[in-house]
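Numbering (the numbering used here), first residue to last: 2 to 156.
Bear in mind the hints are in silico, worked out from the structure with no lab data behind them. This structure is a prediction, so every number in the text was calculated from the model and none was measured. Backbone N, C-alpha and C fix where the C-beta goes; we use that ideal spot for every residue, glycine too. Some hints here could point you the wrong way.
Result set (BS3-like, lysine-lysine): computed pairs, CA atoms no more than 27 Å apart in a straight line [unchecked claim]:
hint : residue 1 : residue 2
1    : K22       : K81
2    : K22       : K35
3    : K35       : K81
So the derived label-pair ranges between C-beta atoms look like this [stated by the list, open to error]:
hint : residue 1 : residue 2 : range
4    : S104      : G26       : 35 to 41 Å
5    : R73       : E33       : 15 to 21 Å
6    : K22       : G102      : 23 to 29 Å
7    : D7        : E30       : 39 to 45 Å
8    : W148      : D68       : 36 to 42 Å
9    : I154      : H75       : 26 to 32 Å
10   : K35       : E153      : 20 to 26 Å
11   : E66       : Q88       : 20 to 26 Å
12   : F96       : H49       : 32 to 38 Å
13   : A138      : F96       : 28 to 34 Å
14   : E76       : V5        : 32 to 38 Å
15   : F96       : T144      : 17 to 23 Å
16   : H87       : G135      : 17 to 23 Å
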Amino acid sequence: MSFVSDDLINHLVQTRNLFLKHLQGVTEEQTEWKPYSECMSIKETLAHLICDDRSALDGLRSGREPDYDAHREHERDFGKLVELLHQSHSDLIGFLRERYGASALDEMVTLWGQERKLGSALAFLTSEDYYHAGQVAFIRLATNPEWNYYGEIFE
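Please work from the sequences and hints to get the whole structure.
Structure below.
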């Protein structure tokens, strides 16, 4: 069986679920902690991913660079941010399945203002989830060295 766009869209769902697993059990203190002032807190990371989802959807629909300011999320309540993240990702996945589920991986699309092949764009989106999962894991381990990362995330 061929490797198709729907395989990568399904993988994007899996990578977001992996990211969300990193949030299970975080404390309020952990959601606001930063190792350095230049880093994003967990709450800021959630707002960033919401903006990523929204702006990716905007760019894929329009074929242009999105207005990032129009998609920024200013909410800072952790529970509400998680809900908004579920919604922004659901919207993005729904669009991807409808518009690109049967598309060739080499179809050209615009993601965040850059034209690229669909397969590359979908892989780029998954890398955001992996990257930010690492940030959350770092914060959790830095603030609680006893956290059983491998046990909680991969078992």
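Open item on the list: Tell me the numbers of any earlier hints that the structure contravenes, in ascending order.
Closed with: Result: hints 12, 15 break, sorted rising.
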